[in-house]
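Following the hints, put chain B in place on chain A, whose structure we already have.
Here are the chains, one letter per residue:
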Amino acid sequence: MRDTRRTRIVLAVLLLSAFTFITIDARGGDDTLLDKIRSGAQAVLGPIERASAAVVRPVSDFIDGLTSINSNQEQIDQLVAENDALRRDILASEYNQARIEEFEELSGIAGLGQYEILPAQVIAFETASGYVRAVTIDVGTRDGITKDLTVINGDGLVGRVVGVSTSTADVLLLSDPTFTVGARLAESQETGAITGQGADLLSLELFSPQAAVEPGNPLVTRPSTNDRPFVAGVPIGEVVKVTPTPGALTRSASVRPYVNFTALDLVGVVVAPPAKNPRDSVLPPSPAPSPSGTGTTPLSPLSPSPNGTRETSPSP
Amino acid sequence: MTFTRGLLSAVLLLTASVLQVTVVNALPLPGGGPDLVLLVLIGLALVSEPTAGAVLGFSAGLLVDFMPPGVTEVGRWALVFCLVGYICGQIRMDSRRSPLVSVAAVALLSAFAVIAFAAVGLLFGDERITGQVFLSTLTGTVLYDLLLAPFVIPGVMALARKTEPAVSRV
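Residue numbers (numbering that gives the first Met the number 0), protein chains in the order written: chain A, 0 to 315; chain B, 0 to 169.
Since the hints were derived computationally from the structure, they do not count as laboratory data. Please note: incorrect hints may appear among the correct ones.
Far from chain B by the CB rule (all over 10 Å, computed), these chain A residues [said to hold, decoys possible]:
#  : residue
1  : R141
2  : E186
3  : S207
4  : P214
5  : E237
6  : P245
7  : L248
8  : L265
9  : N276
10 : R278
Covered stretches of chain B, as calculated for chain A (at least 3 residues, CB under 8 Å) [as the list claims (entries may be wrong)]:
#  : segment
11 : 16–29
12 : 38–50
13 : 66–74
14 : 124–130
Note that the Cβ used here is the ideal one computed from N, Cα and C, for glycine as well.
Just chain A, with the same shape it has in the complex:
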């Protein structure tokens, strides 16, 4: 083995600097030198991720489309016979169709809750270390995104913005173990806190030990101070199991989120909170009322840049 002494010195220096980085980053506030380097690096790496996602997404979506066409063939035949309008939809490309539907759901939920949203595409997922649940989306400071904004999709709460660079933003997902959000039971008005568990289910702690809660109860977000990081009334999920905890100071339950975190694609960043608390009106079973104009974003499913605040369109 040649040069072991030099090698050991180099190794020691590298390990020590990595250790120093972690220490600085772990205790640091927002303005450490490391944060500046990080945002600089993200400004460079973000666009690369965007470009890569733009190339890769249509291909994988096309493959998804092919497989679902085959499995749905019978159903499609039936629908074609039934309805001319449906036939037109089916003939439209699977890819566009899926995106339009996602967009409609998103605009629907934004309309119900009177949220003003900025649509965004998920371009990257946190690495396979397995512990962190986070994604990168293709909007950043130049689109008016800042830290601590609520992120939703057509099904409900996705997460909150934890980091932002020029053209991308990092979203911590609801399922991350460090994620906590104030929640309210839709019918009973009982309040509590929901925490991610790094798994399919979330855990709910209700503040009142007498709180009436049973499986099937839906939960929505409680507004944070100044609506940051959470706006009011976003559907979170449904109670699936109540843990019996006699004598405890709080009541615990398991919650299944409405959002499927492994299939995130189109999301919306809530850039302006609703004028008044939407209460339970955004929850799925409620009949869809016609969203009135104030505060809503006039979303057109075919236009990727619907509200004008966004300079560039998301990559298709």
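For chain B alone, coordinates are given in the frame of chain A:
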């Protein structure tokens, strides 16, 4: 390390880390997924000296740390990959060694990377690290890495060997 080797390493590692977050992590694979950057790093460092391996690993780790979404502390992967690169440099594959050595290296170093990453996290009080997630990540990562290794490592090693002068150094 020659300039060409450095350039090749930079291109390969950047490609791997971008593909990791945009493609691999987007697949709904049970139990994590393969670590592309680790595989490329092993390929590169197996034909490097320990010093070069450590530097390669440190740089690859920093790249992963800075890659959005960057939620964990910067330096965690740098620390882990620095050690991985160093160990690969000590193993030092030359053409006389059996390919089984690199298979064993992938299995052991994948496991090492997962364990070391979790250990550093625990040291700094990362509340995300739980036994259950750790075990599934450990088995998942090692298996996926072994599956993908035959498609990544020989190619990377061959490319890296081409960028080095033809004199054999032992």
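Self-check item: Hint numbers not upheld by this structure, sorted from lowest to highest
Solution: Of the numbered hints given earlier, the structure breaks none, since each of them holds.
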